[in-house]
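Please build the complete structure, drawing on both the sequences and the hints.
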Amino acid sequence: MPRGDFLGSLEQIVMLAVMRLGADAYGMTVRREIEERTGREISIGAVYATLERLEAKGYVSSFTGEPTAERGGRAKRHFEIEAAGHQALNASQNALKNMSEGLSRRWKRA
Amino acid sequence: MSPSTLALSQRILERLMPPAQAEALLGDLLEERRLRLQAGSEVSVAGWYWRQLASSVPALLWASVRRGAWLITVVTAVASFIAAIGIQMLLQSVLSPMTTSKSVRAVVMILTFAAALAACGYVAASIRLGAARLLAFLVFAVTCAMLAISTRAPLWYEGSLLVVGPLATIAGATLSGWLRRVWL
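Quick mapping for you: the protein sequence lines, in order, are chains H and X. Note that this note's numbering numbers the first sequence so that position 89 is 89, with each residue one more than the last. Note that this note's numbering numbers the second sequence so that position 12 is 12, with each residue one more than the last.
Careful, some of the hints might be misleading.
Claimed, not checked - No farther apart than 25 Å at their CA atoms in a straight line, the calculated lysine to any residue pairs in the SDA-like style are these: (1) K57/H <-> L71/X; (2) K57/H <-> E14/X; (3) K57/H <-> A106/X; (4) K57/H <-> I13/H; (5) K57/H <-> I72/X.
In short, the hints are calculated from the structure, not lab data.
If you want it as structure tokens, here you go:
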């Protein structure tokens with residue numbers, strides 16, 4: 001498989017967050033989901049930049065929702081995973097799984 | 001949140017990403033800010049808001065570079081600068097032989113410099129407003145460097161070049177923006 005098909009760790013985390021959130025995946029919810037699940041602080045700009053990169057690769061797509069009052073009349077930008085995104089995520093997760101297989105004895109877990 | 005804070009946030013974000021995306025990102029920030037205000041104080045939430053905005057800048061800046069937006073701006077500004085030098089040299093070569101007076105020639109030089117930069121500032125702003133601003137900065141920086149190297153010119157002439165160059169560029173860009181507003 002070409003090297004470019006593997007996703008970076010942040011790309012995987014963002015895609016998994018989008019997958020978890022389903023129809024409710026937009027900037028704020030993706031950012032909060034990552035913070036809550038990983039304990040890692042992440043900026044909304046980093047989430048958007050990653051999603052833009054994934055969209056350019058054809059792994060996610062976006063559409064604009066309706067403007068809401070709690071957002072100062074601004075619309076949400078919803079994200080969803082495309083078939084190519086599922087494939088890339090599978091390939092990256094499988095690569096990690098294959099690499100870590102059989103290492104349980106040597107792996108010093110915290 | 002005050003309207004000026006909101007306007008400043010929007011201005012920062014629109015420099016770094018397309019307007020529709022900037023709107024969505026700002027909406028996300030406002031929505032989360034509202035949620036956080038239910039549990040935290042105004043001061044701590046304001047701190048969170050500005051930390052989010054500030055820590056977003058590097059990632060968005062890099063995304064903007066990848067998008068090529070900056071490259072187009074820089075290329076437009078540099079190309080406009082080169083075109084302005086060409087136009088100025090052409091105008092000067094036509095007009096200068098008409099007089100032998102050194103001071104008249106200096107005035108002609110300043111006027112042709114201004115005309116060329118106003119025209120190129122107009123064109124650069126028509127392509128990208130940021131390119132016209134960068135062009136004005138380039139003109140100022142290059143004029144400073146040229147004057148530092150050659151100190152034989154009179155002070156009034158050096159001062160005029162420094163002021164007239166960037167001002168003419170901004171005037172051309174302003175005219176471009178004004179005409180666009182009138183026509184659209």
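A quick look at each hint next to the structure:
no.	hint	result
1	K57/H <-> L71/X	21 Å, holds
2	K57/H <-> E14/X	23 Å, holds
3	K57/H <-> A106/X	56 Å, violated
4	K57/H <-> I13/H	16 Å, holds
5	K57/H <-> I72/X	22 Å, holds
Comparing the model with each numbered hint stated earlier shows that hint 3 is the single one that does not hold.
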